[in-house]
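Asker: In the order they appear, the protein sequences are chains A and B. UniProt numbering applies: residue 1 is where the first sequence begins, and numbers increase by one. UniProt numbering applies: residue 1 is where the second sequence begins, and numbers increase by one.
Derived by calculation from the structure, the hints in this document are not laboratory data. Hints are supplied without guarantee of correctness; some may be wrong.
[Stated by the list, open to error] Across the chosen pairs, the derived CB separations fall in these ranges:
(1) His-36/B - Asp-129/A: 24 to 32 Å
(2) Lys-266/B - Asp-129/A: 18 to 26 Å
(3) Trp-480/A - Pro-146/B: 19 to 27 Å
(4) Ser-124/A - Gly-261/B: 21 to 29 Å
(5) Tyr-85/A - Val-47/B: 32 to 40 Å
(6) Ser-393/B - Pro-60/A: 39 to 47 Å
(7) Ser-124/B - Ser-124/A: 26 to 34 Å
(8) Asn-479/A - Gln-508/B: 50 to 58 Å
(9) Pro-207/B - Gly-317/A: 42 to 50 Å
(10) Glu-44/B - Pro-146/A: 45 to 53 Å
Quick caveat, the model's predicted, so the values are computed rather than measured. Backbone N, C-alpha and C fix where the C-beta goes; we use that ideal spot for every residue, glycine too.
There are 2 protein chains.
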Amino acid sequence: MTSSSLSPLEKSTIKRQIFHGTFVHCKTLTDLEILHDTYVFVDEHGVIVKILSGDGTGGPRDLREDVGELGWDTDVDDEGEIFEYVGSSKDEDGKHGEERFFFPGFIDTHIHAPQYPNSGLFGSSTLLDWLNTYTFPLEASLSALPKARAIYSRVIQRTLSHGTTTAAYYATIHVESTNLLADLCLQKGQRALVGRCCMDSDSGANPDYYRDDNPTQSLERTKNCISHCENIDPDRKLITPILTPRFAPSCTPQLMSSLGGIAREKDLPIQTHISENRSEIQWVKELFPECDSYTDVYDKYSCLTSKTILAHAVHIGEDEAALIRERGSGIAHCPVSNSALTSGMARVRWMIDRGLNVGLGTDVSGGFSASVLAAAREASCVSRCAAAGTGASENTNGKERDTLSVPEVLYLATRGGAKVVGMEDKIGGFEVGKIWDAQLIGLGKPLMCRKEDDWEGQEETHEVEVSQTGPVDIFGWENWDEKVAKWVFNGDDRNTMKVWVNGRLVHQRKN
Amino acid sequence: MTSSSLSPLEKSTIKRQIFHGTFVHCKTLTDLEILHDTYVFVDEHGVIVKILSGDGTGGPRDLREDVGELGWDTDVDDEGEIFEYVGSSKDEDGKHGEERFFFPGFIDTHIHAPQYPNSGLFGSSTLLDWLNTYTFPLEASLSALPKARAIYSRVIQRTLSHGTTTAAYYATIHVESTNLLADLCLQKGQRALVGRCCMDSDSGANPDYYRDDNPTQSLERTKNCISHCENIDPDRKLITPILTPRFAPSCTPQLMSSLGGIAREKDLPIQTHISENRSEIQWVKELFPECDSYTDVYDKYSCLTSKTILAHAVHIGEDEAALIRERGSGIAHCPVSNSALTSGMARVRWMIDRGLNVGLGTDVSGGFSASVLAAAREASCVSRCAAAGTGASENTNGKERDTLSVPEVLYLATRGGAKVVGMEDKIGGFEVGKIWDAQLIGLGKPLMCRKEDDWEGQEETHEVEVSQTGPVDIFGWENWDEKVAKWVFNGDDRNTMKVWVNGRLVHQRKN
């Protein structure tokens, strides 16, 4: 596929839009802001240009003056120019309305697109045997473009359906397939960092059938992919190439240093893995005896920058955390993957306390789920498991501070992730100047309509067929923090009704 | 609701049925048996009377002789008498068929029906404050029958939709509401153990607004509920009353001893909580200084029987495990709840090694999900988290044996649970003499049709709208163990197409 054959989506101009309803986003790590009866104005570039509160009645507000101030056509009914999207709906009596809210798009800071078909397949393997058993054979097979096209189309379609508006993708070592992934992200409208896997070492980490022959070849291939991205999206409106030394054992120092050089020269991000598994760490120590730590390997070979995404970091020590903080690199916390591959429980509170930037990654297919919401849920669960220990542990009271709250895991999934991918000025929250990368969440109609707290009286309930509703049950008496919590713990893609990137509608649920 | 107003469901006679397709069940803890092209004959009582292999062609087999041997009407086309259900479908060319299999119904060994509306709501609380903040106020409000009816209808509907054919329910302290729960289970066709919560202590565990006044009152109320169950389902075909001393801190020794007496007299099961949380354990030690351990409290006061379900058991010690094994009581492992409430990671392998019977419980709403499949998934994840520890842990290599495999968590969800609820002779697997409590799992059509391993050649793929498919993507090259693993890790109620209890269809997905 070449850029000329792309669908009209990425080239079409979009309308100016006004969204109205309830907006939920993370102002800070702990502060979940919930704005009701609010209007968000998005211009033809997908940029939020104005945010207004309603008049308090919840009823429609006259927007002509506000629209005029923006220099927009004041005839809000003018066909095609501006439309108003109502994100919340209510019946005439203000009850029984569908519970809806806008939320920032999720940011998946770590996902391997070619591994998607292996989601859920890992047996009892851990990192190093998992790579050889499940991962490398599948990745190698994506040299076939039809297979790559089918898999990449599906993973983009799926992640969009889960509300992922930005994904930091690892592709394979293949130039053409990697370029196809970039094309498909652009075509389907997903913001993406796309990286060809660089793996040139003969350390034993890379199988003979699936590796770059030498640093020079690896660099040439990588430059081809960068050129392709620059060609199809010169302003990086959606697609950013990302340098992707797979992980230290699979790369020579020469390759890593060269990639670091390109990153500096072209102002490009880097992504790699770090300190996922104890055997891996031990191996890195043996492979790089000249380095003080796993982190020091990347630092010594120019890959630890303020635009580096480090996946996992489960077992990093104090010195490493300090170095990562100094360099300003970010952490992709991948709790589902770490649980599945028996890698260990990353200490997120510990990282945050040390000033590290942390986002969430699905790490498909080390992680079995392509959903960032599922990763947020597992981040919460794992933090609690780590805080409480096992039945054999000593009393661990006092570690309750380590548990991650609903606002905190949602922060990691949005604003935290935005920092990790180096786009905190553009995405992750609802503010003037930010881009409209968003999802509309629907929780269905409340099951009950309680009248004056009188449960003994006439009770209106409607029995809803389970098949027709999403996974979340709202009974009608929950406050908004509770509605959001119900979404986090029981929600799934059925609740993600619409998804926008750069102001464009890129997914809409049909049911 | 009285039994006379029940729907025809529980009274209707059912047809003799023959099911055909792929059957998956757990023969032992580690052996997942997958039977293709198999016929299962279910008689008019819902009992499996014959299991046959097909003729190997996958095509239809002449069943007249087999049917005749059973004494059934040999005219298999006789309307209404026998029908054949094809659980797997294929296109004419044998490809692109929907991936389907029959699986035993799930057994939820621990669930609080009245807490269902609080699913996902627990904040940062742990057991004892969670009870007072979230749980008791909601449970107390179910004295109102309309509210109880709405909530109980929904939780039964939801759990059936997740494939739960048997549930061990805690109700509230209210007699009428508890009886209503039994009525609704019978009406909707779910096998259930239904227990009125007994809680008479003034230890501080029970709030003044929600407790039994004294042991005598608690016993009288409990006997009323037992009588009701005996009245609506005298043969315990679906409904079994269960004695439910809430947990040691909420019960007087006198009450527990009396409940133990009733259990013996009427051959009834008992359910309670044990050793969920460290503060709770410490409190039990203070409340019952005459007892050697938490387990010893139940043993001393006659509640530790071969029909006792002990929920959680996160922190039990060696002596307690030995005592539980000696008495033959079962453990309801509730991993989602234990994660959510920061209770700790139960050591399931350790329990199994000590000969304990272990099943899975959702523990709604300590657990946020009503799905046993989600509990199975979390059991796997938690076992891996416990085995690997945190970044701060010592090297824990060698604990990999503690991780639970896909067959093992499915065993806990079915056959393990059957033992825990004392029904291992009736449910949990597909054998002649067992009851047809089953679910039909559908994984959709494979996304690709690979021809002769030639990915470079003409590739048939069909792009499927995400909204129209379930959460699992089958690409077409997975073996059956892998299909089952994909279901376990990414499946949900969308994959549960039909559910039967006692041979009756009690849930069918409409989409």
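Asker: If a hint holds in the structure, say so; if it does not, say that too.
Answerer: Results for each hint:
no.: 1; hint: His-36/B - Asp-129/A: 24 to 32 Å; verdict: holds (29 Å)
no.: 2; hint: Lys-266/B - Asp-129/A: 18 to 26 Å; verdict: violated (53 Å)
no.: 3; hint: Trp-480/A - Pro-146/B: 19 to 27 Å; verdict: holds (26 Å)
no.: 4; hint: Ser-124/A - Gly-261/B: 21 to 29 Å; verdict: violated (46 Å)
no.: 5; hint: Tyr-85/A - Val-47/B: 32 to 40 Å; verdict: violated (56 Å)
no.: 6; hint: Ser-393/B - Pro-60/A: 39 to 47 Å; verdict: violated (57 Å)
no.: 7; hint: Ser-124/B - Ser-124/A: 26 to 34 Å; verdict: holds (33 Å)
no.: 8; hint: Asn-479/A - Gln-508/B: 50 to 58 Å; verdict: violated (35 Å)
no.: 9; hint: Pro-207/B - Gly-317/A: 42 to 50 Å; verdict: holds (47 Å)
no.: 10; hint: Glu-44/B - Pro-146/A: 45 to 53 Å; verdict: holds (52 Å)
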